[in-house]
Amino acid sequence: MTLWQLVIAASIAVLALKLAGYLVPPALLHRPTPARIADLLTVALLAALIAVQTLGSGQALVLDARIPAVIVAAGLFAIKTPFIVVVIVAALVAAGLRAIT
Amino acid sequence: MTPASDTNADKSNSTTDVTAPDPLDETRQQRLAIREGLAVGLATAAYGVSFGALSVGAGLDIWQTSFISIVMFSGGSQFAFIGVLAAGGVGAGPAAIASAALLGVRNGIYGMRTGPIVGTGLWKRLAAGWITIDESTAVALAQPTPRSRRMGFWVTGLAVFIGWNITTFLGALIGDALGDTRAYGLDAAAAAAFVGLLWPRLKRMQAVAVAVAAMVVAAMLTPVLMPGLPVLVAALVAVVVGLFNWLGAPTERDPASAGPRPSRPRGRFMGRRESRS
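Residue numbers (our numbering), protein chains in the order written: chain A, 5 to 105; chain B, 1167 to 1443.
FYI, nobody ran anything at the bench for these hints, they're computed from the structure.
Do not take every clue at face value.
[To be verified] Covered by chain B, according to a simulated footprint, are these stretches of chain A (three or more residues, beta-carbon under 8 Å): (1) 70-81; (2) 96-102.
[To be verified] Partner residues are not named here, just some residues of chain A that face chain B (Cβ under 7 Å, in silico): (3) Leu-19; (4) Ile-41; (5) Leu-44; (6) Leu-45; (7) Val-47; (8) Ala-52; (9) Val-56; (10) Phe-87; (11) Val-89.
Here a beta-carbon is modelled for each residue, glycine too, at the ideal position from N, C-alpha and C.
If we strip away everything but chain A, and leave its shape as in the complex, we get (with noise of 0.2 Å):
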């Protein structure tokens, strides 16, 4: 597949996901087992994806200045700092560490 046609399928799958919830009857969200697992998977796969865009560089695992980066971040998380000064802050972090390393 092309990128042009990777782009295109996972938006369309995406969106078809958002519109197929308003196709389907509300009932389903009491019968709390398949709701309980798809609020675990947005967790699981935001918790994998930090660990593989953290130690991750193709298939290999790297200790780099990604990890203190992300430690900061977290904990400016949980002080409740908005999203955005975070995000800048982590990018700072690493790319200092990478500048005097």
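Let chain A serve as the given structure and place chain B on it in line with the hints.
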């Protein structure tokens, strides 16, 4: 909106204040909903810049980046898609699509809740579906009256849509000009963005356990599997834990509270009426 759908919206959101609105209060509630929606729109728009820059850094061009922000329009899915592509290239395409789609499942769940708020009409529901995301759902469900919920949903959804697409485009232009995004720490910024999306969801023991397990699984499988797949396999942790409800609350007590709730990534804007969730 029919009375039946009101009941539905209330039932599906156990944290909503269900007392009947004072008519004098209604205008004030709507104004608060509008202000909340615009504040969330602004905050979200600010980090659209980082998505645009990262997307270009992952190898997409400016137009592909904008297409994703317009059509996919869901932050988590967008970051996941470019994250997997950045690690594995076009070869990881199917895994990138699957990651984006799996993260998009929750928008479908939100739609079941926002459907009754939006009301009927094909075009209205199509437009509403398009802008059904964490932010619009969270603001809508945090409002106390049906009309302020509807107002909160549309204002937030449209504000985020417009702001996000403008700043994504600007970010793509900036990323294009920067060249090596690693030198500017943008790879770390992407990881931090995921932390920010995850953080508000870690209020229960079960969610924390799933997050830690998924991180370990994804990290351990990274050297073994092709890029993209470790994230998908880690998602199985959620299916297993969710299916058997390990470390979870008993289901009989309050089934509605087990439902996925929109996170409040910009919780500071919504603290005013937020109850424990």
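Checklist entry - Against the structure shown, which of the earlier numbered hints fail to hold, in ascending order? => result 11
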